[in-house]
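Trainee: First to last, the sequence lines map onto chains A and B. Heads up, the first sequence is in our numbering, so the first residue is 1 and it goes up one at a time. Heads up, the second sequence is in our numbering, so the first residue is 1001 and it goes up one at a time.
Some clues are possibly wrong.
[Claimed, not checked] With beta-carbon atoms standing in for the labels, derived distance ranges:
1) D1156(B) <-> N582(A): 26 to 34 Å
2) D272(A) <-> H1136(B): 34 to 42 Å
3) H1058(B) <-> G281(A): 36 to 44 Å
4) G281(A) <-> T1007(B): 42 to 50 Å
5) N1098(B) <-> R18(A): 57 to 65 Å
6) R265(A) <-> V1066(B): 53 to 61 Å
7) E455(A) <-> V1066(B): 39 to 47 Å
8) Y334(A) <-> N1098(B): 24 to 32 Å
9) H1136(B) <-> N22(A): 55 to 63 Å
10) E93(A) <-> V1066(B): 51 to 59 Å
11) A9(A) <-> H1136(B): 42 to 50 Å
Honestly, the hints are just simulated from the structure, not real lab data. Glycine included, each C-beta is placed from N, C-alpha and C at the ideal position.
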Amino acid sequence: MPEILTPQALLQWAEAKRRELNKFQFTVEICTDTGCRASGSRAVAEALRAEVERRGLQDKVNIRQTGCHGFCQQGPLMVIEPGNIFYGKVKPEDVPEIVSETLLNNAVVERLCYLDPASGMRIVKEGLIPFYRAQDRTILGQNREVDPSDIGEYIANGGYAALVKVLTSIKPDDVIDVIRESGLRGRGGGGYPTARKWQQCRAASGDEKYVICNADEGDPGAYMDRSVLEGNPHLVLEGMMIGAYAVGARQGYIYVRNEYPLAVRHARRAIDDARDVGLLGNNILGTGFSFDVTVMRGAGAFVCGESTALMASVEGKVGEPRPKDVHTVEKGLYGRPTTLNNVETWANVPGIINKGARWFAARGTAKSKGTKIFALTGMVKNTGLVEVPMGTSLRTIVFDIGGGAVDGKAVKAVQTGGPSGGCLPVELFDLPVDFEALTDAGSMVGSGGMVVMDESTCMVDVARYFLAFLVDESCGKCVPCRIGVDRMLEIVTDITEGHGTMKQLDLLEEVAETVQIASLCALGKTAPNPVLSTLRYFRSEYEAHIKEKRCPAGVCRALISFSIDPERCTGCGACLRACPHNAISGSKKEPHTIDQALCQKCGICRDECTFDAVIVE
Amino acid sequence: MDVVHYTRILERNENHPSQLIEILHDIQEEYHYLPEDALRAVSAKLNVPLIEVFRVAHFYKAFTLVPRGNHLITVCTGTACHVRGAPRLLDELSGELNISPGGTTSDGAFTLEAVNCLGACALGPIVVIDGTYYEHMTPGKLRRLIESTREKDIEDSAHA
């Protein structure tokens, strides 16, 4: 790699690298993100490399192992350019045909193209697949264009041009003005105006300042930060460098969950490469700006997503939050002014600098600008990462992009914002995703997790799930959160076990209010949201548990029982072999029975039965 | 324990209290848990009181102070995996291996760990066995995976 000592040298390298990439006739972009890896994409990439070599096509075909393309449910997936040809669920044995047909014969392997369930037709181009069509993939779309381990590809795609622009022609205060005009707000949950944070940090007194990238994506059900950091680490790094220049920081940290090993690896590699070529370190591009970044790993504590707890953790200490009477922009890491932004927020910065505040603000609602990435998961057909302009309706996301529920079931709700958010019923799906609109409805945009729930999901169980999560993750420092959330869990557990009373519902709301008001940090303050939102929109489910001792979704184990319909049971023995608790007995070809004393009501038998013979009551 | 080995891990990292969590990660990656004498060595090296080292090791869920089994089974219990049946996977394991999250089988073969989210939510339920991710997990698939892991162990010990 060449050392880049001047802005001119960066341009030259970009040009040279582009020429090198343009020599290829085809580029095959294979997603080798954590998700597609789980589906087997690395074996596909390896098979393709071997096949291309075997046929001597190395000079013709560029195989790019990229980050997440978004449509995880179709993984392992690849896109072949030119042509925008999308192949999903690709297996290593499909590779010879892809090479002989598409790369050598300019033909499409139709059986690997996306089968549109609505029309029954195969769709060849990625951009025409309904999942992608309604999206605006400003940030995520860049994942396909770079190999995350190749700084050269990032630079060839115009990477670090925004950095050059600010270092050579924009004063720090003016950078903050551009961000302010764009209307960019924090993508990590709160939606705090990014420019205000930067301005306060810049104005704070002290020579030593820090910037931090929060990649401690603890909300279960959200993984866009992993995918952006994993798939395009230089974009995040460039955003941080611009932020550091604006606020006057010389040192940055990326705090990333240890549960994301690939993101850790790619972030480290990106930093090392940037340092090697002279884009990090002293006197960057000869402009006098000096900056460096270190990766720090989290260690499995949800509370470390909170800014003060995160900073304690970066210092190597126990991740407990502190009161924020003095903000971290004044006294943060090591007591010094610190700007902390989320991965997606940083990733938006270079685009705003390159294309302008107006370009960014052209999308979105009055107060929420730009695009936002959501992780669409749960009981929905098309699961994956979705990037849409702010203001897009939940309906568009869940039904147009997500394709609705699986197995012909009815969508009941969508959970947004993780343990700090809430469940919104299908009747509210015309709500736009907008920081204020979702908060007013009792949920929040949060980091962007969207877990779709259908009729098989019990909303009281969901509330119990989040409370159990939060009891587990509460750091224990303040009483309202440590004890209040625990009491709430007790009450909701009572209800799911069938000994709740209507009076307890009032108590639940009272405790929830206290926890909201009196907790020290956002973890506690927002902890009651899952309970309050389900009480608000699904009160009848709570009442069914209490008054009728019945779980309408058939989930709460104390209120259901499993039995086998002798008419339908063929005696195949599948359930008997599957039951981990040995609760099922019966002779071959005779109807089986479940021993109620041994049955743990896990439902494994129902999943295994192909004759629909297991009854849940 | 291998004190020389700890020294190597310790020397790889900067000698600063902020490196505590990073060093504990490195030690655990190597030993699959945090041995007591390692914590003592870390305390001395970083000049952080031993009680603080223990506090950190105890506070963060990623760290374990007891040895793990030969195979680590990690079940994701994040929201997306939960609504798609992760609790049934824990049931399967409690029946099959007689362990609950945090536990290790009496023969030391398997340790079960439940984590809040592995970030592969679109493919849930997710299970990771010894670093390999398995998507769309079902109790049946999990049972077969455990069987094949056991069979491989027997094969390996026969060859050893």
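Trainee: Each hint needs a verdict: does it hold in this structure or not?
Mentor: Hint by hint, here is what the structure shows:
1. Distance hint check: the CB atoms of D1156(B) and N582(A) are about 29 Å apart, consistent with the given range 26 to 34 Å.
2. Separation of D272(A) from H1136(B) is about 35 Å and conforms to the stated range, judged on CB atoms against 34 to 42 Å.
3. A hinted range of 36 to 44 Å for the beta carbons of H1058(B) and G281(A) is consistent with their spacing of about 37 Å.
4. For the hinted restraint 42 to 50 Å between G281(A) and T1007(B), the CB-CB distance of approximately 29 Å leaves it violated.
5. Taking 57 to 65 Å as the suggested C-beta distance range, the pair N1098(B) and R18(A) conforms, at roughly 59 Å.
6. Separated by about 28 Å at the C-beta atoms, R265(A) and V1066(B) break the suggested range of 53 to 61 Å.
7. The hinted window of 39 to 47 Å between E455(A) and V1066(B) holds, with their beta carbons roughly 42 Å apart.
8. With their beta carbons about 47 Å apart, Y334(A) and N1098(B) fall outside the hinted range of 24 to 32 Å.
9. In this structure, H1136(B) and N22(A) break the distance hint of 55 to 63 Å, their C-beta atoms being roughly 39 Å apart.
10. Roughly 44 Å separates the CB atoms of E93(A) and V1066(B), a value that falls outside the hinted 51 to 59 Å.
11. Take A9(A) and H1136(B): their Cβ atoms lie about 48 Å apart, and the range 42 to 50 Å holds.
Of the hints listed earlier, those the structure fails to meet are numbers 4, 6, 8, 9 and 10, in rising order.
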